[in-house]
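K.L.:
So you can see what is in the structure, the chains are spelled out below.
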Amino acid sequence: MKLRRAKEFLITQFKIIMGNRFGFVGASIIVFFCVVGLLAPIIAPHQPWDTLRDSNGKLAIMRPPSMEFLLGTTALGRDLLTQMLYATRTTVLIGLVSGLISMVIGANIGLLSGYYGGKMDEILMRFTDIIYGMPFLPFLIVLIALFGRSLWFVIIAICCIVWRTSARVIRAQTLAIKQRQFIMAAKARGCTNFRIIYGHIMPNILPLLLLYTAFNIAWSVLAEAGASFLGFGDPDNLSWGGMLYNLWISGKIRTAWWWFAPPAICIVLLVSALVFVSRAYEEVANPRLKQR
Amino acid sequence: MLMKIENLKTHYRITDGIVKAVDGVSISIKEDEVFGLAGESGCGKSTLIRTIMRLVPDTAKVNADQLQYRGEDLLPLSDKEYRDRILWKEISLVPQSAMNSLNPVYRVGNQLAEAIQTHEPLNKAETRERTHQLFKGVGLQPELTRNYPHEFSGGMRQRAMIAMSLALDPGLIIMDEPTTGLDVLVQERILRELRAIREKSKASIFLITHDISVIAEMSDRIGIMYAGRIMEQADSMELFNDTYHPYTLGLKNAFPSIQALDRELISIPGSPPNLSKDIPGCVFAFRCPFAIRECSYERPPDLEIKPNHFVHCIRTDKVDEFRERAGEKKTWQSSK
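Chains A and B, in that order, are what the protein sequence lines are. Residue 240 in the numbering used here is what sits at position 108 of the first sequence, and the numbering runs on without skipping anything. Residue 334 in the numbering used here is what sits at position 230 of the second sequence, and the numbering runs on without skipping anything.
This is chain B alone, in the form it adopts within the complex (with noise of 0.2 Å):
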């Protein structure tokens, strides 16, 4: 097990109380693994990396039964421990919106070079060649690292910013939003190139956006987020052909598919619930055409339903009758 994260909670202080950001996740990403997390804005996908990485505010109390990368602990870890193990040489980041990560008044390869020479005591020929073997890695000429940030096009950028992330040959990469803001044909280019990476390299690689179809096709595993917690989590044939959320049955429908093309898109009526409202129960649950009453008293548990299926859902049992009536416009309109 690479990383294995257990009832996760970061909670925001704000002037009139708490914002449940992550509320209890638990995930496992395996060694040499694309674990893909999916989920509308503000479901706590940033506040969740932003948890391993050690980025969030004062404000924020983080809290956890288990939070280990290769079997160490790291909440008990001080931050000058973190970053000089753990940051970037185990784990390192592609932040969202790469197209603005670059300081704009250094040269690209200066960058690259700080985020080696801050973990590592290169002499200067080691780290050029390092940034230059980098900037190969991923398809730009070494010659590139000598410009300045805004003589790059977005998708180069995004890839300075994926070579940066591969400097110190970490184990785990995570990614947030990789493809966010950039036109098809270079997302597609992206995908390509996190597929080459992947062969080259023995990194994982946990991705994050809330575009489904780019979570389809790259993850082996994948977890459904939601409101602070995780909805379902299964290898990715599982949780497409054998969905058990009723979140995930909605999000199916809202997404096109390249099999039924004539299919009509349904959107999941309402918006995701306040995060500093207390919920005894399903956080899904108000817009849930499913739900019963029984759904609002308590929180619901994550249910094993197959071996690494997990499902944060009291109605299992009636997942068949689900899957039947998700399909149909009218069961999501006559939510409320």
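If we strip away everything but chain A, and leave its shape as in the complex, we get (with noise of 0.2 Å):
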């Protein structure tokens, strides 16, 4: 029952995206990242630190594509598809994890503070204010300056500030589904708030919910980004924006065009992807943008 119900859920998601044009290519994009993510170390022709020499014995610096370097390497002969394919990896865990995450806590903080309103949503409300007014990277640095750099710090701090839109979405929509007549009934039978709250109104905002999963995790593949071109990402774990980090220490910006332009079309095609995917859902969420 419950497997059958999941599966019945996952087709009319996969409805939803692919009856959609835009849907399909962000899907199909967001799919080809998530692959290639995956199977990094095994399609990867070498590793991302080493530094390469070329078939005469040459040390491989700053080669643009050629047959043997498919990207061409970097200042320090490093080839730059292997580094896109583990970078790819970290963006994609980064983005999907933190996207998640944040996911669920603005949905948990946007529901509890619709459905219980009074001094809850005034507390929680107030607390997400206070994050509103907090900015991204100077949290990050004050983060990484405590603890150092690592992957799951960037994680937390994207978490920590991604939840706030979703929250304050899935608080007013809570509200609107709450006064509806099928909630006092569920109530009148006997229903707990618990399942009132994730039994009844959760489902019935779940497009929603779903479009800001799509959005949570496009702001954090550009929040990742943006913060590992800032040089505090994990060094250990190169992601787009620590490519992008690389090149801008290297100070080779200006002339090395095949180091500057994958990771960087690269994020605009992942974060786009999202957008698309977002969308499609917004169409369900908001019948009124179809007839367009």
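One or more of the hints may lead you astray.
No farther apart than 30 Å at their CA atoms in a straight line, the calculated lysine-lysine pairs in the BS3-like style are these [unchecked claim]: (1) A:Lys310 / B:Lys165; (2) B:Lys108 / B:Lys193; (3) B:Lys228 / B:Lys304; (4) B:Lys193 / B:Lys240; (5) B:Lys422 / B:Lys410; (6) B:Lys113 / B:Lys304; (7) B:Lys228 / A:Lys310; (8) B:Lys381 / A:Lys251; (9) B:Lys113 / A:Lys251; (10) A:Lys251 / B:Lys410; (11) A:Lys139 / B:Lys228; (12) B:Lys113 / B:Lys356; (13) B:Lys304 / B:Lys193; (14) B:Lys165 / B:Lys184; (15) B:Lys165 / B:Lys108; (16) B:Lys165 / A:Lys251; (17) B:Lys433 / A:Lys310; (18) B:Lys422 / B:Lys433; (19) B:Lys184 / A:Lys310; (20) B:Lys410 / B:Lys433; (21) B:Lys306 / B:Lys228; (22) B:Lys240 / B:Lys228; (23) B:Lys113 / A:Lys310.
A short list of chain B residues far from chain A (calculated; beta carbon distances all over 10 Å) [to be verified]: (24) Ile131; (25) Asp273; (26) Glu425.
Honestly, the hints are just simulated from the structure, not real lab data. Note that the Cβ used here is the ideal one computed from N, Cα and C, for glycine as well.
These two chains come separately, so use the hints to put the complex back together.
P.N.:
Right under this line is the structure:
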């Protein structure tokens, strides 16, 4: 029964995304990046931090794309294709994990404060306001100064910030749903608050929830790229932003177009893909968009 | 006595005072009886049942001399005790506008199952069997349990809600406006359903509506509510044939009757009082054509004019004159 329901759910989501041209393109791009990230260690031709020599035995420094090095090499003679593959892995991981965690936080805060109202609402929403006032980068700098540069602190920092928008939107929607007659009816037949929040209100705002999940992941990818480009990323786990940071400190940003282009293009592609998918959900949450 | 309510008060706190939505209601419902409560919109009917069902918000202050179900005091029970023992097992509800009382994202059968499983540890097969039985009981095909609410018509949803209220064989079913928003044919079918249920089950029905004809048709006993108080309460034949309260007389004028089709309908001018104001006397005095100065001095008692016939009025001695004059239009127009 549970399994069948989960299958039904997934099929519906699949239909929503695939039934929309934007959604299809976006989903394809995302799936592509996920697969590349998963397979990175297998398909990568070299190690990301190895200094390479070409077939003539010379150090392969700052080589433009060629048959030997498909995406060229860095100023320290490292293979850019390999770096791109590993960076995809890190970026997608950070994006997904922090996007999903911030969705869980945002959804719960929104649901609880919308449903209970009163003091609970006041406390949670003022807390959200405080988070709204918090700038991401300074927050990350403080966190890293305290704990050191690591993948997980980047994820934690992103989670702490990104949930705020979804919390507000979901609270607003919860306020609307909880006034509906069927919530009163559920209460009358003895449903607990827990059951009403997660069993009756949440399924009714699911399209919105998924829409904001996609937004949150997109925002997380961007935030991670920004942080890494400024040098606050994990030095052991290269990401797209981290590649741009390496390029920047090598001082070759004006000449090495082959170094600059792939991570930049990929960031743009992944973020737009996520926005495309969220657009497919937006049409479910807001059917008026469909008529256009 | 199935349910005994004495001097029940539900007051809402608002920013600038207190709204006395229910202000001293005393009614009693016997076993195997239909008690009809009639009143205009905003008279506190819904607040009364929400108080019984414990659905009032925290801003409400509930107070009563007695609120008993089969001799057990309900007020001291904790919310959990109430939910575990009384709610749905003993007292169930068909909510107002049953049209919107089903969650659109779940199959109707699953919502019935939820009502059952919240209160009784039945397994899946037993629950499914029970929902099928309940659907058959209200004249719906058992296969329809697999449908979603939007695939139901208004009448079907109303039936589904009635089936849900019968799920645990309660002693008292509260029905909040069960026929409002349905066309007359469906209304008639729902009423027929209710009568059939009465024959099959022993449950008493507490029927709440602003439609006096529904009440007249269904009820054994009737209460007339106005501005948070019960104006008159009697067995239904008695209430219509031997009316004492001016408000009830006014209501009778405002409804068409089969016996006197050519009779002109007379409405009661004015509107109910603001319940956040403190009214020392009779709440109907402002609109009552027979009000004298004494009416607004102090709250009238619930006089037991005849056995089991209560009237909330101090001028019952003049009732013959009232009945005579109540049929004339100018009587009502002359009151402010």
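K.L.:
State for each hint whether it applies.
P.N.:
Checked hints:
1. A:Lys310 / B:Lys165: 22 Å, holds
2. B:Lys108 / B:Lys193: It holds: about 18 Å lies between the C-alpha atoms, which stays within 30 Å.
3. B:Lys228 / B:Lys304: 26 Å, holds
4. B:Lys193 / B:Lys240: 20 Å, holds
5. B:Lys422 / B:Lys410: 16 Å, holds
6. B:Lys113 / B:Lys304: With a Cα-Cα distance of about 34 Å, the restraint between Lys113 of chain B and Lys304 of chain B is violated, given a limit of 30 Å.
7. B:Lys228 / A:Lys310: 28 Å, holds
8. B:Lys381 / A:Lys251: 28 Å, holds
9. B:Lys113 / A:Lys251: This hinted pair holds, its Cα atoms lying about 26 Å apart.
10. A:Lys251 / B:Lys410: 51 Å, violated
11. A:Lys139 / B:Lys228: Holds: Lys139 of chain A and Lys228 of chain B sit about 20 Å apart, inside 30 Å.
12. B:Lys113 / B:Lys356: 27 Å, holds
13. B:Lys304 / B:Lys193: The given pair, whose Cα atoms are some 17 Å apart, holds under the 30 Å limit.
14. B:Lys165 / B:Lys184: Satisfied, since the Cα-Cα distance of roughly 19 Å is no more than 30 Å.
15. B:Lys165 / B:Lys108: Answer holds: Lys165 of chain B to Lys108 of chain B is near 19 Å, not above 30 Å.
16. B:Lys165 / A:Lys251: Roughly 19 Å separates the two Cα atoms, so the pair holds.
17. B:Lys433 / A:Lys310: 46 Å, violated
18. B:Lys422 / B:Lys433: 19 Å, holds
19. B:Lys184 / A:Lys310: The given pair, whose Cα atoms are some 21 Å apart, holds under the 30 Å limit.
20. B:Lys410 / B:Lys433: Holds, at roughly 29 Å.
21. B:Lys306 / B:Lys228: Holds, at roughly 27 Å.
22. B:Lys240 / B:Lys228: Given that 30 Å is the threshold and the Cα spacing comes to 18 Å, the pair holds.
23. B:Lys113 / A:Lys310: Roughly 26 Å between the alpha carbons, so the hint for Lys113 of chain B and Lys310 of chain A holds.
24. Ile131: It holds; Ile131 of chain B is separated from chain A by about 20 Å at its closest Cβ, greater than 10 Å.
25. Asp273: Answer for Asp273 of chain B: holds, closest chain A Cβ roughly 14 Å.
26. Glu425: Nearest chain A Cβ is 45 Å from Glu425 of chain B, so the label holds.
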